[in-house]
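Chains as they are written, first to last, in the working numbering: chain S, 1 to 690; chain L, 1001 to 1690.
The set of hints was computed from the structure by calculation and includes no laboratory data.
Owing to the predicted nature of the structure, the values given are computational and were not obtained by experimental measurement.
Ideal Cβ placement from N, Cα and C applies to all residues, glycine included.
Among these hints, one or two may not hold up.
[To be verified] Pulled from the structure, derived: some chain S residues nowhere near chain L, Cβ distances all over 12 Å:
id	residue
1	Gln42
2	Gly44
3	Ala48
4	Ser224
5	Ser226
6	Asn314
7	Leu420
8	Ala447
9	Leu526
10	Arg637
[Unchecked claim] Here are the simulated lysine to aspartate or glutamate pairs, DMTMM-like style, with alpha carbons at most 20 Å apart:
id	chain 1	residue 1	chain 2	residue 2
11	L	Lys1396	S	Glu30
12	S	Lys634	L	Glu1603
13	L	Lys1634	S	Glu578
14	S	Lys626	L	Glu1601
15	L	Lys1687	L	Asp1530
16	L	Lys1230	L	Glu1603
Each chain, letter by letter, is given below.
There are 2 protein chains.
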Amino acid sequence: MVIIPRMDSSLTSFFNPRGVVVIGASTSPEKLGYGVARNLVQSGYAGAIHFVSQKQGQLFERPLYTDLAQVPDPVDLAILIVPPQATPETIKACGTRGIHAAIIVSSGFREAGAEGAALERECVEIGHAQGVRLLGPNCIGTLDTHLPLDTTFLQPPMPTRGGIGFISHSGAFCAAIIDWARRQGFGFSQLVSLGNQADVNETDMLPMLAADVHTRVIVLYMESVSDGRKFVDAARAVTRVKPVVALKVGRFESGQKAAASHTGALAASDIAFDAAFEKAGILRADSAEQMFDWARALETCPLPRGKRIGILTNAGGPGVIAADSLETNGLLLAKLNESTLKALSANLPPAASVQNPVDMLASASPEQYATCLKLLLEDKDVNGVMVILPPPPMFKAENAATALIPLIQDSGKPVVIALLGSTLIEQAAQTFQLANVQTYPFPERAASALSALVKRAEFLESKQTLKVLETFRVSEPKDKSIEELLAAYGIQTAQIKLARDENEAVSIAEELGFPFVMKIASPDILHKSDVGGVLLDIKDSQQARSGYTQMVSRVKSVMPGARIDGVHLQRQIPNGQEVIVGMVRDPQFGPLMMFGSGGVEVEGLKDVAFALAPLNQFEVREMMRKTWAGRKLKGFRNIPAVDQDSVVDVLIKLARLAVENESIEEIEINPLRVLEAGAVAIDVRIKYGV
Amino acid sequence: MVIIPRMDSSLTSFFNPRGVVVIGASTSPEKLGYGVARNLVQSGYAGAIHFVSQKQGQLFERPLYTDLAQVPDPVDLAILIVPPQATPETIKACGTRGIHAAIIVSSGFREAGAEGAALERECVEIGHAQGVRLLGPNCIGTLDTHLPLDTTFLQPPMPTRGGIGFISHSGAFCAAIIDWARRQGFGFSQLVSLGNQADVNETDMLPMLAADVHTRVIVLYMESVSDGRKFVDAARAVTRVKPVVALKVGRFESGQKAAASHTGALAASDIAFDAAFEKAGILRADSAEQMFDWARALETCPLPRGKRIGILTNAGGPGVIAADSLETNGLLLAKLNESTLKALSANLPPAASVQNPVDMLASASPEQYATCLKLLLEDKDVNGVMVILPPPPMFKAENAATALIPLIQDSGKPVVIALLGSTLIEQAAQTFQLANVQTYPFPERAASALSALVKRAEFLESKQTLKVLETFRVSEPKDKSIEELLAAYGIQTAQIKLARDENEAVSIAEELGFPFVMKIASPDILHKSDVGGVLLDIKDSQQARSGYTQMVSRVKSVMPGARIDGVHLQRQIPNGQEVIVGMVRDPQFGPLMMFGSGGVEVEGLKDVAFALAPLNQFEVREMMRKTWAGRKLKGFRNIPAVDQDSVVDVLIKLARLAVENESIEEIEINPLRVLEAGAVAIDVRIKYGV
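This is chain S alone, in the form it adopts within the complex (with noise of 0.2 Å):
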């Protein structure tokens, strides 16, 4: 079942409004208000167009209306270039003229200190009171090229159309991307500008454009999250529908603020933006450049059955560096059938070589270039083609492409060409590109665009759902003991209690489980052992009895001096696997999950994941996945596999303890003990929040 991303229906004014109107558009070229109302009137949109001007006259062939109340209907949208100081009653009037959304593309705003800062709010409490939604301050406004509608001041033209949908918090990046696009050759759907974000935030355009027909992936450029649960939430139900890119920055901005427990000094904030993509389901870039890459393959590409790619080129190097890329990428060199390279064969020179990477040689015609690759993608091994294609020596690269392109325009599976060169492969990179077929200057470049459909394709076929869980609410756990807590949620720890005559010791015993360890309670007493303090490996109930009375007497007649509280009973623990598992609540998404090598070490290792609670069953063994204390888990060398199911219910037990005691602020069992059966936390630590 696929859900339905949720919108908000106060936003589809920026999206399709009947009439849209330009308060601060002027007649000096130089200024924004002119931008403005050119790229309107230009961009081809099929609405009524009005300006507001402090002047009367005329622009575009429209009059300039000195007030706002003057302007016909239908107005559904305004575009606010107006001082700082005059913002909050322009806004106030749009709500009473009847419009319900705001562009303020102005700057002077929070981002220029305290007095911008108030009047922002003052925006916001007007926008909120009136009725307006509000996008920006400090913002570039919105771009739709299929509608058409463009909001912006930029330099015409028009961004191309296409499929990726671009929301920005940063207004020069956009301005930079859509530039730097024109030469890349691919387009946009849509575009929107948040600037300062006083009201309408990345959340909350999410499931915009995921609405949007036009647009099949969403790009994410991002500085900071507004509310990581809500984006989380929202961008779950949005990558279920269409694949999301995000490039995150101010990666390395926040220090990390001092945390009691190994879990919260590991736990940097970028992690849980890591973790929070994660379990969106969003594909987190590490550069722009990266970003686009991916996008464009998500845009036009058919998603891949897994990640056996077949490489086809008309040279040995480039076809090595592809096979290398295809490795470092996550994926591998698809093993060809016998009947594939029986066919490549005949079609092929003795000297070339069938096997994958499959290497035509220098000779290789448009035509080989053909035959060979509908041959790799009739193999039921192959799920994806990379073709590598620099200037043939002999051929054109553009006769190529032009015989390439029916294949990989009928295939099922993601073809993509490593287009080498540049002068001498410039026709052929105009024939791809209108034939909607990726091209990518390198193989590295083409590898990691293949993993991203890779990727893509594996979230897709994920949905795991959720084990259902009895829920075992605690009202208020600070007044319990760390023990009973974790109790409540079925987690087991090796709890001492004490035993005060030997019949609570045979019920103590029997509570906790035999076999079980005695130590005398005094005190007094510091070495235990060497006063017949401690007693192993007590089998029964019998043994527990005799065990108090006998122990008692003994420690009083080596110290009669000596206080006795009782004895403490702890369930004696197996030899096993021990791991740290923890929880840090994260300020912007919540309870982060660890789970990795405990001991002292674990700082200094490193060899933890994280993933947001709460946990579903894969989640966890994605975490078990990415660390070496999770692999060990199943044995290794002379070290026995334990109950790796244990750790598994452990950590979902854990999420669910975090996400529902609010006032638990980081918590961590370091050492959990994974045993043959079972798992048993050793130690546990909790810090509560003020």
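Given chain S, work out where chain L should sit, using these hints.
Using the frame of chain S, we list chain L on its own:
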């Protein structure tokens, strides 16, 4: 002292011939023999150019000779485009004619099967006998843009003149890169296509390019290495003089061979390349794009004196991206001086951010760009600058370029430009290019280029000398015990020695040192401590003597039937940290040393670092810095610090042992226990070659 790399004088004819002859020149434009002739003539080569062909006639206004003997003097270089079968005799004819350098363009040799391989061997033998050095076969020749000389058949025009010398194992990659470089705006000094490397290989060519006055940086596309050790030695000499950037592909090709030790299992062949490049001072790039991004910066930028970088931008978003990418690339955001901050404030509007990244706001004029760059460069805590130039909304980007260029050219600090966009910054891109200022399309790539400069600077500063050690060459290691072998190199072992009477016990004890442990030596006794057969903490000779007598008589009385060989003595090793130290002999590069976290989990944790033997202190400390095992030696939380120097010592000595004893294939000390003072090999394994 700079060591001048050894140049092979027999290769100079490839680079500066007095005359060139094309053997196999053709009048048919589709033939390679035509392309080579055309390029030679059109390149502007000033020496004599002659053509030999099967048919008489004319080509490019020169006669076609049918016999090499007819060609007039002087001729130093021959380019052979003849069928493989005819190649050996043609090489012979070259030798007879007094030509000592031949480029074999034709393919159909080793790469084509057994017959071709035999022909290739024949070529090499004849070349050797006749004193003719061979480049290729199966290569595209050489190119010198400055001389000029073009021996390739590539489509004109020649690449732009520049300072990058390019050595490539792949001809197709060369051709594609040359075409790509045209649009990227950088040029080459030299190009050498190595082909099958039947004779001349990358190790031969490196010093030749190092000696070329126009080559400022060498890039190396490698698929393999001919002789690992020779390559490292040659490259070490070259990198002292000129930077070398390499792209080594085939990372994942070679399956790991079965190994006798953890070290062997972990040391996949590509790790040896990493270690070799590090030893040689070669910068290893991850992709072709990165290789040239780095090379461009190394060609033209002064080297920084540190890694603190200033960022100058007119927009916040790209500034944040830049700051992130500095950190990702191991650089630091410079902290600006008070006086710089003040001066920046005086030149910028109040809303601008003068803290690094310096955000001048969208209104920044070319003059403000220049003034602020000047201020940043004058700040003594700024080692280099990244200028971010998106299409400025108010000005033309090229005006900013013009204002910045003189400052950049005059500066002793590196400045790179993140020039965002495409159509709107085209003119600016050309202006920067003409001025040899490097631009990158995104801040991430600009940061990566700066990091290459920093790495190069750090490498040049790190000329550490090898600590001189006494040499103990063991004549026949197989005949020695492991303990004797390690002892010969000054590495302490926890050796076990058998004493057969109390006198021997005393002398062994005195040799081993106190305290020590005594255990009964009997094949019949499994649980030695049960029969009083273990004695700990023996502190002096007196205790050794009495211990021996008492232990033997006690065991005899308890187990009268047991055979008793005497008593095993072992030094009692105090607690400490345990690490792994190992060596595996790489077939290409020789002894590859490993250091890291030991124990049984070493292969799972992979907390290990590698370096090529011999080792110096600096290299060992790098290995320690790269691993948690190494960083932990100085103490962590409740883990006490241990003797780091002793580990350095053991690694240097073990590397020496490995170099001097070639019959040892693998050696592993796991664990090496590092004490408060000293380090002791607890368990040692050695595998000898067959």
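### Query
Which numbered hints are broken by the structure, listed smallest first?
Failing hints, ascending: 4, 6, 7, 8, 10, 13, 15, 16.
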